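Construct the entire structure; sequences and hints are all you get.
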Amino acid sequence: MNEEQLIKGCLRRDRIAQKYFYDTFSPRMYPLCCRYVKDPDDAEDVLVTAFTHILDRIGQYRGEGSLEGWIKRVVINEALSFLRKKKNMYMTTAIEDVGVEPVSPHSHDPLAEEDLLRMIGELPAGYRAVFNMYAIDGYSHKEIATQLNISENTSKSQLSRARVYLQKLLAAHEPSPKQLRHDIIS
Amino acid sequence: MTSYPDPLFREGLEHYRKPAPASAWERIESGLDKKKHKSPWLKIAACLTLLIATMFMLFQHNQTDSTLATTTKKSTTVTLNPDAAITDATGRQEIGDRKQEAGNRGQESGDRRREIVNRKQEAGDRKQEIGDRKQGEDFAQQTLNKKRITNSYQLTNVQKSERMEESVSPKVETPIASLNETNEKTTSPAQLTTVEERTDVVRVDASTDTRGTSISYSADMVNERFTKKECVAEATPEKKNASGLQKVIEKGPGPEKRRIASRGSQGKEK
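Residue numbers (our numbering), protein chains in the order written: chain C, 1 to 186; chain R, 1 to 270.
Bear in mind the hints are in silico, worked out from the structure with no lab data behind them. Misleading hints may appear alongside valid ones.
Here are the simulated BS3-like pairs of lysine-lysine, each with C-alpha atoms no more than 30 Å apart in a straight line [as the list claims (entries may be wrong)]: (1) K85/C <-> K34/R; (2) K72/C <-> K34/R; (3) K72/C <-> K86/C.
Covered stretches of chain R, going by a simulated chain C footprint (3 or more residues, C-beta under 8 Å) [unchecked claim]: (4) 3-15; (5) 20-30.
This structure is a prediction, so every number in the text was calculated from the model and none was measured. Every residue gets a Cβ at the ideal spot worked out from N, C-alpha and C, and that includes glycine.
Take a look at the structure:
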C-alpha cells in the first residue's frame, strides 16, 4: 500500500488503513514524543492525541511536503501544547555567556539512542523544547519564537544553555544523569 | 575546533524508531469510534432542537394571536355595550376564565374561531328573533300597563293580586312569557355555559352593528323591569285609597273569607 492509497483509505475511515498508517508512522513518532515529554505515559498521551487528530483530519494534508514531515509537525505541535498545559516549560529571557568549553564529539564513544534520549530527558522542559526543535527537528529561531511565544533571543539563550548542559552530560556520561545534574547545580 | 553536540543527537535520534505501547492504538481506536458515533447524534440533536424551537415559536405566535383576539373582543364589548346583558359578576368571571383557558389553548384557537363564526351566524338569527320578541314584548307591556291603569282604581288589593296572578300566569300566551322562559333557560345551571357563549357572541355582533342597537340583552332588561312593576309599582296608591270594607277584609281571618269578600265587591261594582 503506497502513501496515496493509505491516505485515501484513511479518508474513507477504513480501519485497516488507519491501523496500517499508525503502524507505519508511530514507531518514528513515539521517540519524538519522548524527546519533548520526559514521562513515558505523558509521551503516550501525546502520541494518542496526535494520531487521533491526524487520522480524523487527514484531509487537511494537501500533499505539500512529505507526509511524514506533516505528521511530525502535528506531533510536535501536540507535544508543545501538552507542555503549555502542564505549564512546566521554564524559559529564561537573558542571553548569558555560558563559560563551558565545547566538547568534541570525538571525545565520546558512540552512544546508544536510548542514552541520548535519556540525556535529553534530563534537560529542563524549556531547554529541551528549544534544543529538540532547533538541533534535531530543524526549526529556525524565528519559528521557535513563534511556536513557543518567546523572543528569538530567548530561544537562542535556551539553546546555548541546553548545549552546555548536554556537553556536561556527555563529558561524564559514565555516572548517572542525576548525579551529574547534582554536580552541575552545586 | 569547537563543535556542539547537536549533530550527535541529530544523527542518533532523527531516525530512531521505537514501537509505541500497545495500549496506544486501542485508545486511538476508541477515540475515533467516539468521534464517528458523535457526529450523527449531534446532527440529530441539532435537528430536534431546531424543530422544538420552531414549534415553540409557532405556539407562542398562535397564543399571542388568540389572546389579542380575545382582548380586542372584550374591549369592544365593554366600550360599546356598557349596559350589557351580562351584569352578573359571576357570569363575567366565568367567561373571563373561559377566555383565559381559550387563550392558553393555542391549538384549539383555530377550531374556536370557526365555532365563533358559526355562532356569529346564530347570533344574527338570535338578534332578529330577539328584536321581534322585543317588539312583541313592548306591545304586551303597553297593553298590560293599560289594563293595570284601568283596573287599579276599581280593584282591591286582593283582587288586584289575583288579577296580577291571572295576567302573569298565562306566560305561555304572551311574548314576555316566552322571553321569561328563555331567561329561565339561560340561568339554568345545566345550560349556563352555552348560553353565556352565545351572549358573548351576540355582544360581538352588537358591537359591530353600525346602528348601535343593543338588543341582545333585552330579555333580562325587560324581565327586570317587568318584575319590578309587578312587585312594587302600583300597589301603594291603591292601599291609600282602600275602603273600609277592604280594611276589614285585610284584618279578616282566612283566604276563603277574602274570596267571598272579593266576590261581594265584584258584585257591587257590577
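Subject >> Violating hint indices (sorted, rising) >> reply: none
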